[in-house]
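Q: Read top to bottom, the protein sequences are chains A, B, C and D. According to the working numbering, the first sequence is numbered sequentially starting from 1. According to the working numbering, the second sequence is numbered sequentially starting from 1. According to the working numbering, the third sequence is numbered sequentially starting from 1. According to the working numbering, the fourth sequence is numbered sequentially starting from 1.
Hints were generated in silico from the structure; no laboratory data involved. Among the hints, a few may not be true.
[Stated by the list, open to error] Sample of chain C residues facing chain A (criterion: CB under 7 Å; computed from the structure):
1. 7
2. 8
3. 12
4. 14
5. 15
6. 42
7. 44
8. 47
9. 52
10. 53
11. 82
[What the hints assert, rightly or not] Here are a few chain B residues that sit away from chain C, every Cβ distance over 12 Å (derived from the structure):
12. 85
13. 167
14. 174
15. 181
16. 185
17. 236
18. 246
19. 259
20. 273
21. 281
22. 312
[Unchecked claim] These stretches of chain A come out as covered by chain B in the derived footprint (C-beta under 8 Å, 3 or more residues):
23. 35-45
24. 286-295
Even glycine gets a Cβ: it sits at the ideal position worked out from N, Cα and C.
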Amino acid sequence: MDPGWLVLYVFVFPGLLFLLAYALFMEYVDRKLGARIQNRVGPPFFQPFADLVKLLAKEDITPEDVDPPAMRAIPILAFAAVATAFLYVPVIGSSPLAFPGDLIVVLYLLTLPSILLFLIGWISRSVFSTLGGVRVATQLFIYEVPFFLALLGPALAAGTWTISGIVEWQRANFWVVVFQPIGFIVALIGLQAKLERTPFDIPEAETELVAGPWTELTGRKLALMRLAVDMALVTGAALIAALFLGGPSIPWVLEPGWLATLAGFGSFLVKTLAILFVLAVVRMAMGRVRIDQLNDFGWKYLASAAIVQVLIVLFLNGALIA
Amino acid sequence: MPEVVVPIGPYHPALKEPVNFKVIADGEIIVRLELDLAYNHRGIEKAAEARDFVRVVPLLERVCGICSHSHTTAFCKGIEEAMGVTVPPRGQLIRVIVAELERMHSHLLWLGVAGHEIGFNTLFMWTWRDREVVQDMLEELTGNRVNYGMNAVGGVRRDIEPPLVARCLKRLSPLEERIRKYADMVRHEPTTLARFQGVGRLTKEQALAFGTVGPTARASSVDYDIRRDDPYIGYADIPFDVVTDGQGDVFGRTLVRIGELLQSVRIVRYALENLPPGPVRVNTPRGAPKAEVLSRYEAPRGELAHFIRTNNTDKVERLDIRTPTLANWTSVAVSLVGSNLADIPVVVAAIDPCLSCTSRITIVDPGRRQTSVMSWDELRAHGIDFYRRKEGV
Amino acid sequence: MKLSERIVAWARLKSPWIILFNSGACNACDIEVIAAITPRFDVERFGILAKSSPRHGDILVVTGPVTRKQVKRLRMIYDQMPEPKYVIAMGACGATGGVFRGLYHVVDGVDQVIPVDMFVAGCPPRPDEIIDGVVKCLELMKADMKNGGKAWRVKAPAPAAEPKPAAVPGTEVTA
Amino acid sequence: MTNASPLAAEDVMKAMEGLGSVDRARTNRLRVIVSPERVREAILRAQGSLGCDHVIQIGIVDNGRVFELHYHLTGPHRTVVTIKTELPRDDARIASSHDLLPPAGIYERQIHDLFGIVFEGHPNLQRLILTEDWPEDEYPLRKDWTMRPDRRYGGSTPEGT
Chain A
1 MDPGWLVLYV FVFPGLLFLL AYALFMEYVD RKLGARIQNR VGPPFFQPFA
51 DLVKLLAKED ITPEDVDPPA MRAIPILAFA AVATAFLYVP VIGSSPLAFP
101 GDLIVVLYLL TLPSILLFLI GWISRSVFST LGGVRVATQL FIYEVPFFLA
151 LLGPALAAGT WTISGIVEWQ RANFWVVVFQ PIGFIVALIG LQAKLERTPF
201 DIPEAETELV AGPWTELTGR KLALMRLAVD MALVTGAALI AALFLGGPSI
251 PWVLEPGWLA TLAGFGSFLV KTLAILFVLA VVRMAMGRVR IDQLNDFGWK
301 YLASAAIVQV LIVLFLNGAL IA
Chain B
1 MPEVVVPIGP YHPALKEPVN FKVIADGEII VRLELDLAYN HRGIEKAAEA
51 RDFVRVVPLL ERVCGICSHS HTTAFCKGIE EAMGVTVPPR GQLIRVIVAE
101 LERMHSHLLW LGVAGHEIGF NTLFMWTWRD REVVQDMLEE LTGNRVNYGM
151 NAVGGVRRDI EPPLVARCLK RLSPLEERIR KYADMVRHEP TTLARFQGVG
201 RLTKEQALAF GTVGPTARAS SVDYDIRRDD PYIGYADIPF DVVTDGQGDV
251 FGRTLVRIGE LLQSVRIVRY ALENLPPGPV RVNTPRGAPK AEVLSRYEAP
301 RGELAHFIRT NNTDKVERLD IRTPTLANWT SVAVSLVGSN LADIPVVVAA
351 IDPCLSCTSR ITIVDPGRRQ TSVMSWDELR AHGIDFYRRK EGV
Chain C
1 MKLSERIVAW ARLKSPWIIL FNSGACNACD IEVIAAITPR FDVERFGILA
51 KSSPRHGDIL VVTGPVTRKQ VKRLRMIYDQ MPEPKYVIAM GACGATGGVF
101 RGLYHVVDGV DQVIPVDMFV AGCPPRPDEI IDGVVKCLEL MKADMKNGGK
151 AWRVKAPAPA AEPKPAAVPG TEVTA
Chain D
1 MTNASPLAAE DVMKAMEGLG SVDRARTNRL RVIVSPERVR EAILRAQGSL
51 GCDHVIQIGI VDNGRVFELH YHLTGPHRTV VTIKTELPRD DARIASSHDL
101 LPPAGIYERQ IHDLFGIVFE GHPNLQRLIL TEDWPEDEYP LRKDWTMRPD
151 RRYGGSTPEG T
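All chains, please: the whole structure from these sequences, using the hints.
A: Laid out in structure tokens, this is it:
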């Protein structure tokens with residue numbers, strides 16, 4: 001690929017700039033949907049942007065006894081990890097940066113914000129942050145395994161570890177969700193838990209721990225961390241759309257090429273927003289579970305369901321080859 | 001992980017009111033609990049001794065903004081008893097209407113807050129939306145949304161006109177329908193069930209021993225309701241049922257409150273339809289003869305007691321207020337030990353604490369205040385010993 | 001103002017996050033503030049969010065006459081908030097102590113403890129009035145940004161606070 | 001347990017025999033006046049033979065001469081049994097009843113803080129209600145208490161908060 005195009009791809013579209021804009025838009029859609037379900041009007045469309053700018057301009061307090069460079073670095077790391085992960089997820093056709101095994105890298109990069117959130121809770125020297133951080137780590141061990149297993153299904157079926165490859169395979173065959181519905185549901189639940197949204201917002205449970213690991217964050221750090229989570233929402237939704245719903249591919253051939261790309265982009269938007277819709281409705285229709293209840297649920301049902309799904313995929317693969 | 005002290009409050013988002021628990025948690029399990037509650041102490045009892053009856057009523061209204069009518073009614077009926085004055089039936093029924101509307105707004109408020117405590121914000125928003133209907137009725141009846149200013153010694157200060165009665169009656173039916181919907185929602189929503197059932201359980205014996213009152217006691221099948229057991233302001237003639245439940249946990253308390261909401265709708269409807277004609281207020285003497293009255297009242301949170309001593313002047317010699325929240329605190333502190341950190345808000349909220357009532361005077365520490373850290377076995381032993389001592393009485 | 005300053009000023013006005021602190025009120029103001037969040041009034045329309053950590057807040061809403069026990073805590077919450085921060089004192093109690101003025105365990109008004117930018121009258125103020133108060137506070141914020149800080153509002157030094165009356169509590173005429 | 005027949009004055013008189021006089025303060029409230037030393041005995045008897053299982057309130061009155069303590073108890077019969085006793089102002093102490101009535105621990109602590117009555121045997125009679133820096137020897141709800149201008153009553157700090 002032409003290096004000029006690559007720079008454009010990484011920084012403008014569908015890289016950083018688009019990601020930022022889409023993340024803010026997603027947050028708006030999420031909040032607005034929630035408000036409508038709750039019988040309210042909800043925020044205006046520029047609200048996430050206003051919040052971001054305001055937080056960036058606010059005083060930045062570093063609590064006593066906290067290592068300032070570490071505190072400063074963590075939100076930036078989280079932001080960078082998610083922004084990088086997004087580059088490998090196909091938005092308009094395949095990603096030019098795709099390489100064998102990029103699915104593993106994306107999953108790893110998406111785990112980073114949670115670990116960093118735990119770290120920032122741990123170093124904040126506040127009881128609420130520490131407990132929140134410990135809860136983040138506990139929750140991480142509960143949802144990561146089923147989430148990874150669920151995302152393993154499409155890769156096994158397609159026989160490739162590149163996300164773009166899985167998308168291609170789906171274009172040739174059919175959407176993964178058709179024969180892996182369990183995996184799809186587990187992946188959605190895992191994403192909800194990863195993003196710490198109700199009913200899995202245990203780490204930042206407002207009524208118990210003020211704001212969990214977020215308690216001591218101010219100004220820029222808070223802004224970046226919020227943005228990282230919004231971007232993780234986009235990346236996670238895009239990832240699930242790519243792995244289960246055929247990503248930006250469209251089932252029929254369009255001419256000319258730019259029209260196909262445009263249609264692919266449209267299908268990307270529709271699919272991610274549909275996933276967001278499901279996540280938002282779940283968020284609004286439920287209360288928060290306790291961490292021990294999540295532990296029960298995660299290991300008893302979620303992990304078993306994911307394993308069953310993987311076994312089914314393996315069996316089907318074997319049957320097809322035989 | 002070592003034991004952590006989690007300070008909950010006095011500024012804490014779960015409880016918009018100031019209270020402080022030092023929760024000593026081992027990981028997620030509560031090991032010990034230290035309560036410190038009097039952040040709202042303002043000294044109202046002292047002030048009540050220095051002001052005359054007319055000025056005490058607005059003061060008592062501001063003991064607590066949620067149960068403002070409860071405090072004034074308890075006080076007024078105590079003073080009326082000391083003076084030997086009878087309030088005309090119309091005035092009494094208007095008091096009942098306001099009291100039951102207040103119970104409705106308080107219970108709806110509680111239901112929303114309980115939803116908020118478990119992160120179920122949609123329930124919170126929906127109940128508070130319907131609470132606005134009650135608030136509208138209260139505003140039309142009394143002229144104010146929160147501190148009604150309705151009571152005076154000798155009766156009520158505003159009469160209800162027939163068009164207003166019709167308007168209120170029209171609002172009741174949709175409200176009742178909504179309440180039934182919430183009852184259904186709470187019974188079937190899985191996360192609510194998971195968070196409410198089996199949490200903060202009190203047996204009937206414990207509920208009696210710790211002196212709980214109101215919905216907290218009634219959820220542990222203690223059949224105790226001042227409205228029926230010691231009828232006041234016309235409750236003797238009004239048909240209603242005392243709602244009890246045998247589960248004793250937060251879920252039981254929720255069901256009791258929802259049941260009481262429906263009963264309140266019934267009472268308000270009955271009272272509106274059967275308003276007798278006549279005056280709403282009688283003139284009272286300026287002072288009260290020497291007397292001693294224990295005025296009990298079933299506030300939304302339970303039995304409220306005003307102990308009033310008068311001494312031939314227009315001021316009380318002593319006004320001693322025992323609020324329902326104060327009576328319920330001991331049970332909370334006991335039932336929280338050993339439970340999960342995440343359960344604190346919901347268990348505390350389950351008694352519907354009204355801290356500005358409570359801290360107007362006092363408080364509490366049921367456990368011994370050791371500074372040493374107890375091991376889990378020691379704690380168990382302590383718990384067993386504690387219950388044995390309490391229940392042996 | 002430079003363009004960046006303009007954008008920041010706009011963002012601040014569009015996204016005020018509030019912190020609610022009860023410094024000894026009777027709950028009436030608190031439930032009215034919470035009622036303002038709920039569907040009938042829905043302040044999220046204006047970008048107002050109720051936040052839980054004082055580190056995230058822009059506007060501190062204080063209800064109630066400050067009781068002696070809460071003075072230290074109120075001060076601490078205020079100190080924890082990042083600049084620029086504003087304080088709204090709610091209701092008659094927040095302004096003067098209301099019916100509790102002169103009682104032995106209150107210090108009569110929020111401005112005895114922390115600087116207050118806006119008072120909202122009422123006992124309790126209706127949610128509409130609370131929203132109006134926040135909006136007026138935003139106008140003040142705008143004026144502050146135009147004039148470069150809160151200093152322009154100080155015209156003359158405030159008279160020294162009167163010493164607390166030593167009379168028997170409750171005998172004074174309430175304001 | 002509900003709707004048991006109300007207590008008759010005779011029952012209370014019989015139960016409280018030898019402790020003090022019984023009078024009827026109101027239709028459903030009976031009052032027995034006992035000396036401070038025998039309060040615990042009276043509570044035990046009320047719990048035993050009168051079946052009182054609920055303490056409503058420990059009311060306290062400072063009438064200028066003495067402190068009056070009123071233990072309001074009730075039970076399934078829904079009649080309020082008030083046990084009244086008087087304590088001298090200069091040496092106000094009485095045995096604690098926290099072990100007989102679990103909720104009483106709370107009420108006694110509040111009374112101690114505001115009136116300075118000492119409940120002997122209470123496990124934890126500490127300050128809870130007033131602010132931490134309130135002067136130790138001042139009890140605001142006593143009739144003869146006034147705020148002294150030369151003293152600092154906590155809350156505001158010298159640096160002008």
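Q: For each hint, tell me whether it holds in the structure or not.
A: Hints versus structure:
1. Satisfaction of the interface hint for residue 7 of chain C is found here, the shortest Cβ-Cβ separation to chain A being roughly 6 Å, below the 7 Å cut-off.
2. About 4 Å separates the beta-carbon of residue 8 of chain C from the nearest beta-carbon of chain A, less than 7 Å, and the hint is met.
3. A least Cβ separation of about 5 Å between residue 12 of chain C and chain A falls short of the 7 Å threshold, and the interface hint therefore holds.
4. Below 7 Å, beta-carbon pairs count as interface contacts, and residue 14 of chain C has one with chain A at about 4 Å; its hint therefore holds.
5. Satisfaction of the interface hint for residue 15 of chain C is found here, the shortest Cβ-Cβ separation to chain A being roughly 4 Å, below the 7 Å cut-off.
6. Taking 7 Å as the C-beta contact cut-off toward chain A, the hint placing residue 42 of chain C at the interface holds, the least distance being around 4 Å.
7. Of the supplied interface hints, the one on residue 44 of chain C holds, with its beta-carbon coming within about 5 Å of a beta-carbon of chain A, less than 7 Å.
8. At about 5 Å, the closest approach between the beta carbon of residue 47 of chain C and any beta carbon in chain A falls short of 7 Å, and the interface hint on this residue holds.
9. Checking residue 52 of chain C against chain A by beta carbon gives a least distance of about 5 Å; that is within 7 Å, so the hint holds.
10. Interface restraint check: residue 53 of chain C against chain A, minimum CB-CB distance 4 Å, threshold 7 Å, status holds.
11. A least Cβ separation of about 4 Å between residue 82 of chain C and chain A falls short of the 7 Å threshold, and the interface hint therefore holds.
12. Non-interface call for residue 85 of chain B relative to chain C: holds, since the shortest CB-CB distance, roughly 25 Å, exceeds 12 Å.
13. Separation of residue 167 of chain B from chain C is adequate, the least Cβ-Cβ distance of about 18 Å exceeding the 12 Å criterion.
14. With 12 Å as the threshold on Cβ separation, the claim that residue 174 of chain B sits away from chain C holds: the shortest Cβ distance comes to roughly 15 Å.
15. Look at residue 181 of chain B: its CB is around 16 Å from the nearest CB on chain C, clear of 12 Å, so calling it non-interface holds up.
16. In this structure residue 185 of chain B is separated from chain C by more than 12 Å, as the shortest Cβ-Cβ distance comes to about 16 Å.
17. With a least CB separation of 31 Å from chain C, residue 236 of chain B remains clear of the 12 Å interface cut-off, as annotated.
18. Every C-beta of chain C lies more than 12 Å from that of residue 246 of chain B, the closest at about 31 Å, which supports listing it as non-interface.
19. At the 12 Å boundary, the C-beta of residue 259 of chain B stays outside the reach of chain C, the nearest C-beta of that chain being 23 Å off.
20. Its beta-carbon lying about 28 Å from the closest one in chain C, residue 273 of chain B satisfies the requirement of being farther than 12 Å from that chain.
21. With a minimum CB-CB distance of about 23 Å to chain C, residue 281 of chain B clears the 12 Å threshold, and the non-interface call stands.
22. Distance to chain C confirms residue 312 of chain B as a non-interface residue, since its nearest Cβ pair spans about 19 Å, more than 12 Å.
23. Given as covered by chain B, the stretch 35-45 of chain A passes the check, having 4 residues with a CB less than 8 Å from a CB of that chain where 3 are the minimum.
24. Under the rule that three or more residues need a Cβ within less than 8 Å of chain B, the assignment of the stretch 286-295 of chain A holds, with 8 such residues.
Hint check: no violations occur; every hint is consistent with the structure.
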